[in-house]
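Chains as they are written, first to last, in my numbering: chain A, 1 to 247; chain B, 248 to 494; chain C, 495 to 810; chain D, 811 to 1126.
Quick caveat, the hints were computed from the structure, so don't treat them as lab data. It is possible that part of the hints are untrue.
[Stated by the list, open to error] Here are the simulated DSS-like cross-link-like pairs (lysine-lysine), alpha carbons at most 30 Å apart as the crow flies:
| id | chain 1 | residue 1 | chain 2 | residue 2 |
| --- | --- | --- | --- | --- |
| 1 | D | LYS911 | D | LYS1122 |
| 2 | C | LYS722 | A | LYS126 |
| 3 | D | LYS963 | B | LYS373 |
| 4 | C | LYS647 | A | LYS123 |
| 5 | C | LYS722 | C | LYS767 |
| 6 | D | LYS1083 | D | LYS1049 |
| 7 | D | LYS911 | B | LYS370 |
[Unchecked claim] Facing chain A, from chain C, some residues (calculated, C-beta under 10 Å):
| id | residue |
| --- | --- |
| 8 | ALA561 |
| 9 | ILE659 |
| 10 | GLY701 |
| 11 | THR703 |
| 12 | LEU734 |
| 13 | GLY735 |
| 14 | VAL737 |
| 15 | ALA783 |
| 16 | HIS784 |
| 17 | VAL790 |
| 18 | GLN801 |
The beta-carbon is built from N, C-alpha and C at its ideal position, and this holds for glycine as well.
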Amino acid sequence: MAAYCLGLGDDALVYAQRLGEWISRAPQIEEDMALGNVGLDLLGQARALLTHAGELDGGGRSEDDLAYFRDEREFRNVHLVEQPRGDFGFEMARLLWFASYQCELYARLTTSSDPVLAGVAEKAVKETTYHRDHAEQWVVRLGDGTDESHRRMQDALVAVSPYVAELFDDDDVSVAAAEAGVGVLPSTLREPVLDRVTQVVELATLTMPEQSRWRSRGGREGIHSQVMGYLLAEMQHIARSHPGATW
Amino acid sequence: MAAYCLGLGDDALVYAQRLGEWISRAPQIEEDMALGNVGLDLLGQARALLTHAGELDGGGRSEDDLAYFRDEREFRNVHLVEQPRGDFGFEMARLLWFASYQCELYARLTTSSDPVLAGVAEKAVKETTYHRDHAEQWVVRLGDGTDESHRRMQDALVAVSPYVAELFDDDDVSVAAAEAGVGVLPSTLREPVLDRVTQVVELATLTMPEQSRWRSRGGREGIHSQVMGYLLAEMQHIARSHPGATW
Amino acid sequence: RGAAGDFDALIAAEQRIEPRDAMPQDYRQTLIRQIAQHAHSEIIGMQPEGNWISRAPSLRRKAILMAKVQDEAGHGLYLYSAAETLGVDRSELLDKLHTGKQKYSSIFNYPTVTWADVGAIGWLVDGAAIMNQVPLCRCSYGPYARAMIRVCKEESFHQRQGFEILWTLARGTDAQRAMAQDAADRWWWPALMMFGPPDSGEAATSGHTAQSMAWGIKRFSNDDLRQKFVDMTVPQADKLGLVLPDPDLRWNEERGHYDFGEIDWDEFWRVLKGDGACNSQRMAHRVGAHEEGAWVREAATAYAGKQAERAKGAVA
Amino acid sequence: RGAAGDFDALIAAEQRIEPRDAMPQDYRQTLIRQIAQHAHSEIIGMQPEGNWISRAPSLRRKAILMAKVQDEAGHGLYLYSAAETLGVDRSELLDKLHTGKQKYSSIFNYPTVTWADVGAIGWLVDGAAIMNQVPLCRCSYGPYARAMIRVCKEESFHQRQGFEILWTLARGTDAQRAMAQDAADRWWWPALMMFGPPDSGEAATSGHTAQSMAWGIKRFSNDDLRQKFVDMTVPQADKLGLVLPDPDLRWNEERGHYDFGEIDWDEFWRVLKGDGACNSQRMAHRVGAHEEGAWVREAATAYAGKQAERAKGAVA
């Protein structure tokens, strides 16, 4: 079960890392704040989940041990969250999918047989509902805004689409977690998420992209895309430069 | 004297790191090779100089200890070499200045009272002469090529110019090294380098940029520009992730 | 209220001027310039600390830092709103920032080269800012005063967090202690410069300072505020176990204040005029973000327009 | 030489065909396609290893890796030159690469996720490439054969370097050993796929393979080469102390070869058709570099033109 929590925690941690890059770079100051908020919520989720994973696996590792002293192959996040910051349209497309996924996921996890996980989920449902609303509003605004924003938003949907299927892959860990009543089978989230996103895309006068020729795979097994190593180098460098230090 | 060698070594190391980024990204395959060659030469210089610095300071540190386990504040390179990869014009402008500087520097260092440094210089003079020629040819080609390349090359000269003065700053370490007959006073290199670059710029139908409002300072005292921390994070991450390992 | 003559009476009575009150054109312009510069400083000030969000060495520190930088965005928003009550709008002020017609605090042209700088900014830069800002909570212009009350509350929270970062470092490994001391060495003098050039004695009775004081915008001279800051900060440095980089710094029993050394005003003017380590970087970053976001703002406007049309259509 | 009939005679006599010799159109096209694909593979092959230049964990390894990736650029150049002797030019071939009309080796669509992958590519991928390429040193087309001689010499140097990386890791810390084993686990099967789909027995006597063999371009079937590679590599893995990820791998006394398990050809076809981890990334990177460099190439051409004009002017 530790591995299951790690997967959810790493998704949140890595996406928080990417969202942090927006602060001071957003299209308007309100958005610096909003994206910072989403990032902070995710960072909070990550801290709770990594702490819990550290307790469950019995190795006595803290949230920081897990965030800063694991190697790339040990990170269990999906590829979607590790992709580099693109334009604002890309971010809203990514957030739309990710928050919609998290929303469904945490709603289901509130009844997890693991009370800690259920507690995290309880809080996260509210947060991710806000994130999803925020993304939905922007996708609609950009899709139904100017010609340029329509084009960019459509491009963003296409750019994000190869990373979506992986969210719903039933990896061994999730299957075991679902069987134990702790977790949720990812494939069961697909339909409600897809429905909701499809509605938003239509409302935004956009079209769902066709299935891309390739799709991401393997994040949950620690096979990441090329950018991940650089993300971790940046995130971990100071902590690893001072082994054993407290901050 | 260790600090003096570190300064020269760090210049070479950090610029080799930046040039390495060109490999597989150059405008033509010949240039992947040429920039790789320049990078390799600089890396060779860096290894010799860091090794020598490690011997001189008596701390028993190897080239890898110095490259991978020093913090940003301990690096003594100028800002010019740490700047992010720009377009090919930017790289040729940077290489023009840097190789011209190194060329003069190493020509003078062949008579250093430190025989190891003199030996490094002997080899480096040949290498940097080739680097300078390469940059000169490209600056002329791009300056006197198409309208676009002329404009880009002129922009590149402007972009690089705030980082040039620092090459010729007489920091305490260089002054001491020059007084001891080991090193060269940087300010004495300025005129010949400037003359040579000016000639190339004119031949290229370009104009020397005016003095910029600001100029870089402090690299030799370990005050670097913002990009340096990220460069080091990337360069050092794997080595620092495996303390004590051999590769 | 409302008549032109009331302004002087309100000021004399230490009452607040409110947006709809009449006010001298110079008072308005001075306030716009000052509030805008303050807002710009918050926005530009996100960058030096934002530089460390991705590399913060613990998740707790990362969360605190993200929240802090986000608060600065919030302060920028309150302050732009306060300026807007004076009849300008935010986009106009941002344009002035982007074209260099309005300034931001020169302190943000210094680079953040280690993690300890995040602590030093909190402790010293926010500390100096608070010293400047607390009197502004009693500023004669109401909306500015109220914004400052809110800002100051958050800033003092940030200042404590900065202190705590340095406290932890100063009690950490040798490398961490050295990092903390190095940060104090680099930020001390720039923090003192934040109060602006000397304006005590004669200087204080003429020019900008005198006028701003008469208007109840400024309450203390730069030098008085600087002295208060030094007096507050030296004992904090002792508590941290850090040495401030000034050999002339010592308690003067007679004055009841700390004496301190000469400030390098050449550096101050050099950085102010654009030759600081980060001036052009800060502007390029800010202008870059603004330009890259233009299509988003345009889309939001276009969408709002369409929605308004639709609403009209639905009503009609 | 020169008459059309000579081609068959030269081939029959195991003599080399040279650029000015007459040759069947199909022979020419087959060679162009094969040499171009080979050249493209060298160019695209710079990326997976180039990914580790900036992060190589020692300066010595960094230098070796930079030199290796640079060698690959050099191989690309020889091979494009060899193809050019057949009457195409490099930019035409690059366009075909960029538009997906010509392929590169599918192995480069696998990601390099750890430093050990640099070792595994040298050991297994270069090892497999050499196995494919050594027979090409005797290829019937002269320029290709000569290019291959040079390439093979450097490749076997690279292969030893890759082996040495893994050797060092396998004798290093626990984490390093695990990294080496993980790399072997991930690269073994893709390396076996590099020899292409099965073509022994009946398959070998028909289609492409048969024709290429008759022309002296191909000398061994895919399956024969694969077997040779397995036979060569298994003892090397033992020497390294790494376990190859195939439970069916064992020495078959009778055959005098190693038996090995079933290859997942579905994965092979999936990756070949574009759904590998890095297909689109590799192409985007390559096309991006080419497009970003367009202005440079145009400038070089324009300058050369001006120089030619000036030379003419000087002569006239």
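Checked hints:
1. D/LYS911 - D/LYS1122: violated, 40 Å
2. C/LYS722 - A/LYS126: Not OK: C/LYS722 and A/LYS126 at ~46 Å, beyond 30 Å, violated.
3. D/LYS963 - B/LYS373: holds, 28 Å
4. C/LYS647 - A/LYS123: OK: C/LYS647 and A/LYS123 at ~28 Å, within 30 Å.
5. C/LYS722 - C/LYS767: holds, 27 Å
6. D/LYS1083 - D/LYS1049: violated, 36 Å
7. D/LYS911 - B/LYS370: violated, 46 Å
8. ALA561: Check passed: Cβ of C/ALA561 comes within 6 Å of chain A, closer than 10 Å.
9. ILE659: holds, 8 Å
10. GLY701: Given a least distance of 33 Å, the restraint on C/GLY701 is violated.
11. THR703: At about 31 Å, which exceeds the 10 Å cut-off, the nearest Cβ of chain A leaves the hint on C/THR703 violated.
12. LEU734: With a closest approach of 15 Å, the C/LEU734 hint is violated.
13. GLY735: At 16 Å from the nearest chain A Cβ, C/GLY735 fails the 10 Å test, so the hint is violated.
14. VAL737: violated, 21 Å
15. ALA783: holds, 4 Å
16. HIS784: holds, 8 Å
17. VAL790: holds, 4 Å
18. GLN801: holds, 9 Å
When the structure is compared with the earlier hints, violations turn up for hints 1, 2, 6, 7, 10, 11, 12, 13, 14 and for no others.
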